[in-house]
Amino acid sequence: MKGKIHSLESFGSVDGPGLRYLIFFQGCYMRCKYCHNADTWDPNHFDMELTADEVLDKAERFRSYWKNGGGITVSGGEALLQIDFLLELFKKAHERDINTCLDTSGQPFTREEPFISKFTELLKYTDTVMLDIKHIDDEEHKKLTGHTNKNILDCAKFLSDSGVNIWIRQVLVPGITDNDEYLHKTREFIATLHNVTKIEPLRYHSLGAFKWKELGMKYELEDVDSPDDDALQNASDILNGRK
Amino acid sequence: MRDEWRGFKGTHWVDDVSVRDFIQDNYTQYDGDESFLADPTDATNKLWGRLQELQKAERDKGGVLECETEIVSSLTSYGPGYIDESMKDLEKIVGLQTDKPLKRAFMPYGGIKMAQQAAEQYGYHVNDKYDQIFNEYHKTHNQAVFDAYTDEMKVARHTHIVTGLPDTYGRGRIVGDYRRVALYGIDYLIEKKKQDFKNCGHGDMTDDIIRLREEITMQIRALNGMKDMAKIYGFDISQPAKNAQEAIQWLYFGYLSAIKTQNGAAMSVGRISTFLDIYIERDMKEGTLTESEAQELIDHLTMKFRMVKFARIESYNQLFSGDPVWATLEMAGIGMDGRHMVTKNDFRFLHTLENMGPSPEPNLTVLYSSQLPDTFKKYAAKISVITSSIQYENDDVMKPIWGDDYSICCCVSATQTGKEIQFFGARANLAKALLYAINGGKDEKHKTKDGKPMQCGPEIAPITSEYLDYDEVMHKYDIMLDWCAGLYVNILNLIHYMHDKYYYEAAEMALIDTDLRRTFATGIAGFSHVIDSLSAIKYAKVKVIRDEFGLATGFETTGDFPKYGNDDDRADEIGVWLLKEFITKIKKYHTYRNSEPTTSILTITSNVVYGKATGATPDGREAYKPFAPGASPSYGAETSGLLASLNSVAKIPYEYSLDGISNTQTMSPDALGHTDEERAKTLVSAMDGYFDNGAHHLNVNVFGTDKLLDCQAHPDKPEYANFTIRVSGYAVKFISLTKEQQDDVIARTCHKKL
Numbered sequence: 001m002k003g004k005i006h007s008l009e010s011f012g013s014v015d016g017p018g019l020r021y022l023i024f025f026q027g028c029y030m031r032c033k034y035c036h037n038a039d040t041w042d043p044n045h046f047d048m049e050l051t052a053d054e055v056l057d058k059a060e061r062f063r064s065y066w067k068n069g070g071g072i073t074v075s076g077g078e079a080l081l082q083i084d085f086l087l088e089l090f091k092k093a094h095e096r097d098i099n100t101c102l103d104t105s106g107q108p109f110t111r112e113e114p115f116i117s118k119f120t121e122l123l124k125y126t127d128t129v130m131l132d133i134k135h136i137d138d139e140e141h142k143k144l145t146g147h148t149n150k151n152i153l154d155c156a157k158f159l160s161d162s163g164v165n166i167w168i169r170q171v172l173v174p175g176i177t178d179n180d181e182y183l184h185k186t187r188e189f190i191a192t193l194h195n196v197t198k199i200e201p202l203r204y205h206s207l208g209a210f211k212w213k214e215l216g217m218k219y220e221l222e223d224v225d226s227p228d229d230d231a232l233q234n235a236s237d238i239l240n241g242r243k
Numbered sequence: 244m245r246d247e248w249r250g251f252k253g254t255h256w257v258d259d260v261s262v263r264d265f266i267q268d269n270y271t272q273y274d275g276d277e278s279f280l281a282d283p284t285d286a287t288n289k290l291w292g293r294l295q296e297l298q299k300a301e302r303d304k305g306g307v308l309e310c311e312t313e314i315v316s317s318l319t320s321y322g323p324g325y326i327d328e329s330m331k332d333l334e335k336i337v338g339l340q341t342d343k344p345l346k347r348a349f350m351p352y353g354g355i356k357m358a359q360q361a362a363e364q365y366g367y368h369v370n371d372k373y374d375q376i377f378n379e380y381h382k383t384h385n386q387a388v389f390d391a392y393t394d395e396m397k398v399a400r401h402t403h404i405v406t407g408l409p410d411t412y413g414r415g416r417i418v419g420d421y422r423r424v425a426l427y428g429i430d431y432l433i434e435k436k437k438q439d440f441k442n443c444g445h446g447d448m449t450d451d452i453i454r455l456r457e458e459i460t461m462q463i464r465a466l467n468g469m470k471d472m473a474k475i476y477g478f479d480i481s482q483p484a485k486n487a488q489e490a491i492q493w494l495y496f497g498y499l500s501a502i503k504t505q506n507g508a509a510m511s512v513g514r515i516s517t518f519l520d521i522y523i524e525r526d527m528k529e530g531t532l533t534e535s536e537a538q539e540l541i542d543h544l545t546m547k548f549r550m551v552k553f554a555r556i557e558s559y560n561q562l563f564s565g566d567p568v569w570a571t572l573e574m575a576g577i578g579m580d581g582r583h584m585v586t587k588n589d590f591r592f593l594h595t596l597e598n599m600g601p602s603p604e605p606n607l608t609v610l611y612s613s614q615l616p617d618t619f620k621k622y623a624a625k626i627s628v629i630t631s632s633i634q635y636e637n638d639d640v641m642k643p644i645w646g647d648d649y650s651i652c653c654c655v656s657a658t659q660t661g662k663e664i665q666f667f668g669a670r671a672n673l674a675k676a677l678l679y680a681i682n683g684g685k686d687e688k689h690k691t692k693d694g695k696p697m698q699c700g701p702e703i704a705p706i707t708s709e710y711l712d713y714d715e716v717m718h719k720y721d722i723m724l725d726w727c728a729g730l731y732v733n734i735l736n737l738i739h740y741m742h743d744k745y746y747y748e749a750a751e752m753a754l755i756d757t758d759l760r761r762t763f764a765t766g767i768a769g770f771s772h773v774i775d776s777l778s779a780i781k782y783a784k785v786k787v788i789r790d791e792f793g794l795a796t797g798f799e800t801t802g803d804f805p806k807y808g809n810d811d812d813r814a815d816e817i818g819v820w821l822l823k824e825f826i827t828k829i830k831k832y833h834t835y836r837n838s839e840p841t842t843s844i845l846t847i848t849s850n851v852v853y854g855k856a857t858g859a860t861p862d863g864r865e866a867y868k869p870f871a872p873g874a875s876p877s878y879g880a881e882t883s884g885l886l887a888s889l890n891s892v893a894k895i896p897y898e899y900s901l902d903g904i905s906n907t908q909t910m911s912p913d914a915l916g917h918t919d920e921e922r923a924k925t926l927v928s929a930m931d932g933y934f935d936n937g938a939h940h941l942n943v944n945v946f947g948t949d950k951l952l953d954c955q956a957h958p959d960k961p962e963y964a965n966f967t968i969r970v971s972g973y974a975v976k977f978i979s980l981t982k983e984q985q986d987d988v989i990a991r992t993c994h995k996k997l
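Those protein sequence lines, which keep their order, are chains A and B.
For the first sequence, our numbering gives the first residue as 1, with consecutive numbering after it.
For the second sequence, our numbering gives the first residue as 244, with consecutive numbering after it.
Hints in this document: simulated from the structure, not taken from any laboratory.
Be a bit skeptical, because a hint or two may be false.
Below, computed lysine to aspartate or glutamate pairings styled on EDC-like, alpha-carbon distance capped at 20 Å [stated by the list, open to error]:
#, chain 1, residue 1, chain 2, residue 2
1, A, K67, B, D617
2, A, K67, B, D935
3, B, K304, B, E363
Pair by pair, the computed Cβ-Cβ distance ranges are [what the hints assert, rightly or not]:
#, chain 1, residue 1, chain 2, residue 2, range
4, B, A300, A, D229, 33 to 41 Å
5, B, T882, A, I116, 47 to 55 Å
6, B, G937, A, K118, 37 to 45 Å
7, A, D223, B, K304, 43 to 51 Å
8, B, G937, A, R31, 44 to 52 Å
9, A, T197, B, D332, 53 to 61 Å
10, B, E921, A, R31, 27 to 35 Å
Using N, Cα and C, we set each Cβ at its ideal position, and we do this for glycine too.
Next up, chain B with everything else stripped away, as it sits in the complex (with noise of 0.2 Å):
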């Protein structure tokens, strides 16, 4: 075996590349608590302390520090840069996306348009050169989508009935196995590419093979990109990395040729955190490395991806608020053969939430079990308490679909790491879905031209009798959701045909394999409203209210009905109903290059833009008000307690949800116990209930309204300045968000008990 991994142990990942099997012959378990960590060194609170000031002065700009104005981003168009040029020696990971800390690159692939209007709304003005050059002389990837969409598909577009499209940016969600450039050395993967390439088709040039030999051979050469990157800043990533320092520092790399290349809404890292614990268990040893060396380490590469930024435009920033990139990164789960794979790399990832304050990135995602080590999920669950910037996905249900080495590639969907990538792409908002199936089509709230209500479904007639009834609701809902399951579909066909063909990703395509899956992940908005409304509809009285045009613009409900999240199966079943109609409706059509179809219930913080655009509905949502995030039960509607609003959750099937159900839960801090210990045995309780009950996903905050009242109130305190909150399917900082926002969650249920 070669020298860079002595000590190594299994064959299989010799012969091939295969990281997971690397991992599961090498790895070492970690039963014991967290009284082994160490505190930040001397380098780390100095770097952090100088990121803080840079962090204090991106803010008070207005969000941005500095935009690149001259030099189209690329894996080498930098040279090194450095959190401070007086301090490099202290950083022990390097590399940054621009020449300077927090600033940000110009990405133009995705769309000229943006590029510049995203440095135009912060002061800067884009070289006029790259007018001609992205608009004559080379094509966007915004640009292909508008040659090509339909008159519907721009209609569906305006009227918000699907919202959150990434024809103007990269569409992310394709997490590069960026350990293999620290395991197998960039050399011995092209070598790998190369042969793919010989055995890609047998000479007969048909339009899948021709467009797989270009990729593969745009890979090979990003592969190289990455070597010329890593030389900027003085390192070989050619060979294997040799010790633990070495190997953080090439998987970082490889992150960074991802997001020097790509501006994704969601840039995962992946599951990294057992995979480096093999490196440091190997360094320690050998005596080459102390637990505070290890920590500063780890410390080091989660600053590195504290600083990661993409330039957005405005409506960018009200649909994902607070400058949220997704680099989401992955610890503990359950191996196949049953082994915990939880290391004392975990523990450290959650460390440097105690090192280095709270923070929304890296997205810190913890796989759950209630098989995990109660050690672990006590620490985890302490550190959620005092931090609220965990999210928690359930391993036992993920595991017997993706295995045991798949990352998140988003907020909470799942991937085979290295072996798979999404087609991914904005919402359904299924609740405008139902008004138009009231309204016979038409839209509640766009107007045409000449001010009549714009014909945005097919044109069936609409209901007109005063009071709603459940089977021709039902009826018209049916050919409503068909037609938005069909439409949805092709329009991200169009845009994922033409981001491959625009904005290929070669640097994150390099580190998959070639011969991959691919599934196409959809999404629905409007969940808990659908299901309230359906429910209102079917067990009270619904009488609508109408406006000039005939068009429903309200409703009046009278008599009880059950709600969602109060753990009442009537109301539950409409959901699971809902669900399940929906991905069978999305499955009949064709997805681009066979992807497999899946879809999701989570809305990031799109459910306040989703909401706006939305009349009121028959829950008693009013009208451009807000959607419940996810799958989170609506505002309100909760009134039985915290199990019970996670039971209804729970009853979820996750086979018809692949792609991720998202539930955001507020718990006071009185509510968990009245100590730290209690409250984060009390969570743990909690979890281990949900999880076993199947749930999926849980984003934990455990803070009172007050703080959040008092935050908005006094953004500036000191102790604000960090304050992270989990929203759906990220964290981000709550003085970040917008004022929307902000109220937006102050108006979520919080459980608390008298």
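Next comes chain A alone, as it looks inside the complex (with noise of 0.2 Å):
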């Protein structure tokens, strides 16, 4: 079997825990505003088509930077769409003692045959999940990726009753996801989880939007500044049960 690959990174500093070498993967369903990855969306528009072993091999050679519980994260595109890839390279990476995290916005999410069994399989191979919950309320989800939360808020609780170290991450947008009340509901939510070992606001920026001209699309959030560090520090506060 073989994954669609859009690109590999030697060095990811805040995509799990340690240093992570980075497997992007082609396709997303989702079609959020402030994607900086716009290019890894077309399931058929792929760089590289790899065997599992192809990435661990890849990949192990930068072991010697895992001493601090660094190892491989999956991300995309969504990396659940290939689940039967996913499974396979979890699988082996766990052979060789590879930690392993899933970096995922839940989309694919579902509690019906046969993608929750693979689901179930898959997490007792992965170390981590990353989930990006991208808005609270299902009205604005819609709005900003196209699609509803509810699955993919029932994907987080899925991941709570499985026992995965979960971390949870939302894109701050200004405008968009930064105001108070949303950053309440959304720490209400997560506070009904368990596992959750990190919570993350990440700052959004338009360093991607040259990839929707690339493609011939036009960049919604063209006049959106990134939130200073205030906004980060308030929203880090809310969502973590400080404020």
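Assembly of the complex is requested from the two constituent chains, each provided in isolation within its own frame, with the hints serving as guidance.
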């Protein structure tokens, strides 16, 4: 089996515990307005097709940097769209004693078969899941991403019950996710989850905007600035229940 | 045991000069964190405030505050000098190169013309009498070298196939063991040298014996001069230091004697941190020193290292931009017995960057190992994140070669402290040598008087095919490398012969064993460009564009090829081959005083000057554009992220390049983490991996390109006055770089991630 890979990056420092080798999967159905990897959307347009062993051989060249808890992180795109390949990859990673982390939007999640069995199996070989909650309000979520958040929040509950280590992240976009009411609501939701070891607002930036232009699409958030340090601190305080 | 040594343990260092044994017998490991550190004292704040005013005045005057024009610098040519006469009682450690702070001494022995030019350049005129004295009555090093150069050497110098030769100023890279002054006092050191003189030869006056006898006598004279110099400041350094303040002061007088008498390109201080900690610990145990006072002593010593200046000419500044002196100072490392050598004093030296802000000097160097205490690694990484002022070198690869008491004698090169010296100079431009292989030894840039290409290398048949053939290029490159290595070694032989004769480092050598080890340190420039060029020729198709003389002036490359800096063995192996080939060729030649040949891949900021002298290369680098610095991959070649780049550099075997493999990396703060704590942790993980892979050196810069651009546009903003960045092997204030160098730094890869 081969995975459709968008790109590989040797140095991820904020994408899971320790230093991470990043594997960006191709393909995503979400259409987040701030997406900085819009070139990963189209599932049929990919740069590389690699087997799990090929990916892991590449990753293992960086094992010496993993002493403080590092490993591989699969991101995207949406990794769960290639769940069969992902399962094989993580299973083999654990055979090689490589720590695994899944960075997902949760969008493909459903409790229906065959997905749920595969997902349950996947979690056996997953050390950390980084779940990105784009927006707590369903209507706003739809506006921002083109999809409902219902199954995403359900995914969070499923993860919580599974016992896997969870990081919750949210991109802080001025005018969209940065108001205190939404942040408090998000906090309320997070408070119902177990095994959440890190909650982190991510600073919105427009560094990926050029890719939209290259793909011939209009980037709607052109005029939105990155949030300042105070706004980020405020969001972090609320999401972590400190405020 | 003598009273100055009360409380110290050990026997060997008591019987003979051995600071290394003194350290091993007496240092106190520190495993804790930085919470014990003290803020700057009022005195420190006042003095540093004054010094910053002086530095600003220096910048406002175009880079030089004042030049000496009347007095030839010597150990005792000046009365005492202070940062500020009205605050001299606040200075815990005293001594300046001249009578005034930041005033540049007149040092003609390396070359009178250069000394005169340097002064002229900043609006000063050296007293005309020196013109006659140093041209008619006394020869300088510079004149001597040119008296002996061959025509071929002069051409090579002109075309820059070999650049940065120390034939107009001091060669530097000789580190006196300044700690000896503190531990033993000058009188004992004189006694030892007198014994050496007695035992030098058995009566047959061969060249080497005559030379050595003369040198020892000069050393003894210098030791007496040091005592006189200290007396000017009211100190008697004939006996050992009795406490920490004296130990630091005595040691500094040793260093001051070097920088008053030599204007070497690198004037390292050496491995002094652990040594001084022993005195500080003893004083603290005896209740005579507080932490605040200890930090004050280290801050004041560091302030002195921040003030070292030499008068340089324009072409020198282009080569080594930003007024560096390489007052390199080491800390940490691991002893032969496996104990780490981190002391509280290592934290204190790093803390100077917080107490007095970032600074290029002293060139603070952490001798790194993943086995160092986590607390220390994290603190050093944190200071790197905040100040970009530290470099890291792998103790695990250096210790087996140089032991556990080596110093860094230049930017990154190791020598055993007090037991070894280096004959160093320049770099061979291996990218230009590749063009010579293609062009039959003709220079691609320089023309003769009648407008024809200048023949510099051996006149072999040039390559005339439209597309380059790998085997043909390699065959001719082999011939050129052989020629280049031989010429280079012989130029250095000649320079060092003359330097010993006309500009001998008596003060520094007085603090080094008479029976010493000498290495012969060569260097390479254009490393990454040769690798990528040969890779392009091997794996892609390279078409040659030629001018009317048939010289290759450009290359058109079609197809992909592996590039150095992506952890791709196909490219990286070319680098290993190139290095091994070059050092093997160097080793074939006789080296002056039977020194041991080594080489390095480090370029300082000279990568800009080397690039400027070199035509387009097959890797796609345009004509006269800067080289990548040191062993760093080429700009734009790294496409697989920071760790892939680090892996490539780590593959270069240190054993082939014992003089150093310099790697400079710039990381945007966001790529390292969201908080300074996270960034420091990331940096530690990255360095643990990199150095465990066997890499030698890493310069760590943490800032984004936006900050550089803003600083270039608004150099007067107060926050940029001390904004320091690491370049190949040293640190420099960004605003003191030339515009060209600034552009080069901005153009380099900044590792960030979308």
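Hints, one by one, checked against the model:
no.: 1; hint: A:K67 <-> B:D617; in the structure: 12 Å, holds
no.: 2; hint: A:K67 <-> B:D935; in the structure: 11 Å, holds
no.: 3; hint: B:K304 <-> B:E363; in the structure: 14 Å, holds
no.: 4; hint: B:A300 <-> A:D229: 33 to 41 Å; in the structure: 35 Å, holds
no.: 5; hint: B:T882 <-> A:I116: 47 to 55 Å; in the structure: 39 Å, violated
no.: 6; hint: B:G937 <-> A:K118: 37 to 45 Å; in the structure: 42 Å, holds
no.: 7; hint: A:D223 <-> B:K304: 43 to 51 Å; in the structure: 46 Å, holds
no.: 8; hint: B:G937 <-> A:R31: 44 to 52 Å; in the structure: 46 Å, holds
no.: 9; hint: A:T197 <-> B:D332: 53 to 61 Å; in the structure: 56 Å, holds
no.: 10; hint: B:E921 <-> A:R31: 27 to 35 Å; in the structure: 31 Å, holds
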